[in-house]
Amino acid sequence: AQKITQTQPGMFVQEKEAVTLDCTYDTSDQSYGLFWYKQPSSGEMIFLIYQGSYDEQNATEGRYSLNFQKARKSANLVISASQLGDSAMYFCAMRLWGEFGNEKLTFGTGTRLTIIP
Amino acid sequence: DTGVSQNPRHKITKRGQNVTFRCDPISEHNRLYWYRQTLGQGPEFLTYFQNEAQLEKSRLLSDRFSAERPKGSFSTLEIQRTEQGDSAMYLCASSLGMGNEQFFGPGTRLTVL
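Chains A and B, in that order, give the protein sequences. Our numbering puts the first residue of the first sequence at 18, with every later residue one more than the last. Our numbering puts the first residue of the second sequence at 45, with every later residue one more than the last.
Keep in mind the hints are simulated off the structure, nothing from the lab. These numbers were taken from a predicted model, which means no experiment stands behind them. Do not take every clue at face value.
As the list claims (entries may be wrong) - In silico lysine-lysine, DSS-like type, Cα no more than 30 Å apart, as pairs:
id	chain 1	residue 1	chain 2	residue 2
1	A	Lys87	A	Lys33
2	A	Lys90	B	Lys101
3	B	Lys115	B	Lys55
4	A	Lys90	A	Lys33
5	A	Lys20	B	Lys101
6	A	Lys90	A	Lys20
To be verified - Over the 10 Å line for every Cβ pair with chain B, so calculated as not near, a few chain A residues:
id	residue
7	Thr37
8	Gly50
9	Thr123
Every residue gets a Cβ at the ideal spot worked out from N, C-alpha and C, and that includes glycine.
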């Protein structure tokens with residue numbers, strides 16, 4: 018069964034410090050994609066970064082980078098130089114290719130990140 | 045604003061009533077997804093449309109739930125005879141073709157009293 022595990026329910030980080038949010042996944046598929054989404058208190062899911070299972074380089078998007086370790090089945094999100102606006106829920110998700118082109122996402126339970134001024 | 049929109053944003057209803065939510069995807073996106081998110085959990089997949097065809101439904105989608113996308117544009121999700129366990133955030137997402145990211149709407153928060 019496909020599963021995403023996020024073991025950190027909550028984290029507190031000082032502003033301007035770097036933070037790593039953990040994510041491990043379980044799948045027997047060879048082809049999959051890994052995503053991180055941010056969910057502020059307003060509720061919308063904001064796409065942050067994507068890593069394909071065949072990508073050899075770790076993905077980076079501005080202050081976000083994804084530390085992809087395929088053998089360990091981990092896809093940790095690293096936020097450099099954290100800002101107060103980074104306070105939110107963060108979800109790791111895995112995309113598998115199903116029948117009829119369905120690319121449904123399986124999400125973890127999330128990590129609530131709080132940035133301390 | 046050309047993002048995914050959902051209406052209403054909040055809905056409070058009494059147990060046993062029917063409710064309907066609407067999702068307007070990004071205009072050129074042919075794929076549309078519904079997810080449900082309960083408190084303290086990540087979103088869970090409910091159903092998937094490619095154009096107007098509903099191609100997959102989760103086991104979470106009981107017979108009381110029905111979704112449509114009549115012209116391959118907007119979609120509706122109806123819940124009949126609501127139960128307190130239906131209280132959740134209902135999220136809609138759309139994407140353009142295979143391999144592209146899903147863009148999420150702001151969600152509809154349902155409270156069943």
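Right, here's what the structure says about each hint:
| no. | hint | verdict |
| --- | --- | --- |
| 1 | A/Lys87 / A/Lys33 | holds, 29 Å |
| 2 | A/Lys90 / B/Lys101 | holds, 28 Å |
| 3 | B/Lys115 / B/Lys55 | holds, 25 Å |
| 4 | A/Lys90 / A/Lys33 | holds, 29 Å |
| 5 | A/Lys20 / B/Lys101 | holds, 19 Å |
| 6 | A/Lys90 / A/Lys20 | holds, 11 Å |
| 7 | Thr37 | holds, 19 Å |
| 8 | Gly50 | violated, 8 Å |
| 9 | Thr123 | violated, 7 Å |
In this structure, the hints that do not hold are numbers 8, 9, in rising order.
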